[in-house]
Amino acid sequence: MSILDHPDAKAFILHWGEMGTYWGVNRSVAQVHALLYLSDRPLDAETIVETLGLARSNVSTGLKELQSYAIVRRVHVEGDRRDHFVAETDLWEMLMRISAERKRREIDPTIELLAELTERLKADPTAPAQLRERVTRMHEFIATLANWYEQVRTLPKPTLVTLMKLGSRVARFIPGGKKQV
Numbered sequence: 000m001s002i003l004d005h006p007d008a009k010a011f012i013l014h015w016g017e018m019g020t021y022w023g024v025n026r027s028v029a030q031v032h033a034l035l036y037l038s039d040r041p042l043d044a045e046t047i048v049e050t051l052g053l054a055r056s057n058v059s060t061g062l063k064e065l066q067s068y069a070i071v072r073r074v075h076v077e078g079d080r081r082d083h084f085v086a087e088t089d090l091w092e093m094l095m096r097i098s099a100e101r102k103r104r105e106i107d108p109t110i111e112l113l114a115e116l117t118e119r120l121k122a123d124p125t126a127p128a129q130l131r132e133r134v135t136r137m138h139e140f141i142a143t144l145a146n147w148y149e150q151v152r153t154l155p156k157p158t159l160v161t162l163m164k165l166g167s168r169v170a171r172f173i174p175g176g177k178k179q180v
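Per numbering that gives the first Met the number 0, the very first residue in the sequence shown carries number 0; after that it's consecutive.
No wet-lab data here; the hints were simulated from the structure.
This one's a predicted model, so the numbers in the text were calculated from it and none came from an experiment.
There could be a bad hint or two in this list.
[Claimed, not checked] Restricting the straight-line Cα-Cα distance to at most 20 Å, the calculated cross-link-like pairs of lysine to aspartate or glutamate (EDC-like) are:
no.	residue 1	residue 2
1	164	92
2	9	43
3	9	45
4	121	111
5	156	100
Assemble the whole structure, with the sequences as input and the hints as a guide.
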């Protein structure tokens with residue numbers, strides 16, 4: 000019996016697909032990712048189609064999307080001319096790749112637009128003060144988050160893990176941070 004025949008594997012794949020819709024990812028794409036993540040071997044597109052009961056076009060589109068995030072890659076299996084696919088299984092690496100791609104697609108264009116709007120509003124004496132102030136604050140806020148992300152993403156994985164495990168206790172290392180009991 001393959002791991003993919005196990006009912007808990009099926010439950011994971013279905014749930015991952017459902018969660019994908021909340022994360023802004025197509026259900027099919029998330030299910031393809033879940034299947035590849037759980038698989039102990041590379042899978043070809045036809046096997047993915049058969050296993051998940053999805054249309055070939057959905058699987059093809061999903062594989063392209065997952066490859067664009069660099070969390071699935073194409074591999075070749077000796078003796079088989081078809082393309083096979085494997086998912087990144089290092090969870091930290093997966094998180095970092097997804098974060099980088101989401102930032103590139105969603106955050107960077109927003110920062111760019113907010114910067115343009117901030118400059119235009121500074122030069123526009125007819126702009127309401129509230130509009131100018133709130134757009135400027137939003138630009139500063141998102142730019143600060145992006146800067147923090149750029150700094151944190153370069154930390155070694157063990158440092159990231161320690162930082163995450165520290166949680167709110169990290170405040171004790173910051174002057175004026177609250178004391179942890």
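Verification of the supplied hints:
For the hint pairing residue 164 with residue 92, the CA-to-CA distance comes to about 17 Å; that is within 20 Å, so the pair holds. Annotation: proposed proximity of residue 9 to residue 43 holds, straight-line Cα distance about 18 Å (limit 20 Å). Between residue 9 and residue 45 the CA atoms are separated by roughly 18 Å; this keeps the pair inside 20 Å, and the hint holds. The suggested pairing of residue 121 with residue 111 holds, with an alpha-carbon distance near 16 Å, which does not exceed 20 Å.
A C-alpha spacing of about 18 Å is found between residue 156 and residue 100, which places the hinted pair at or below 20 Å, so the restraint holds.
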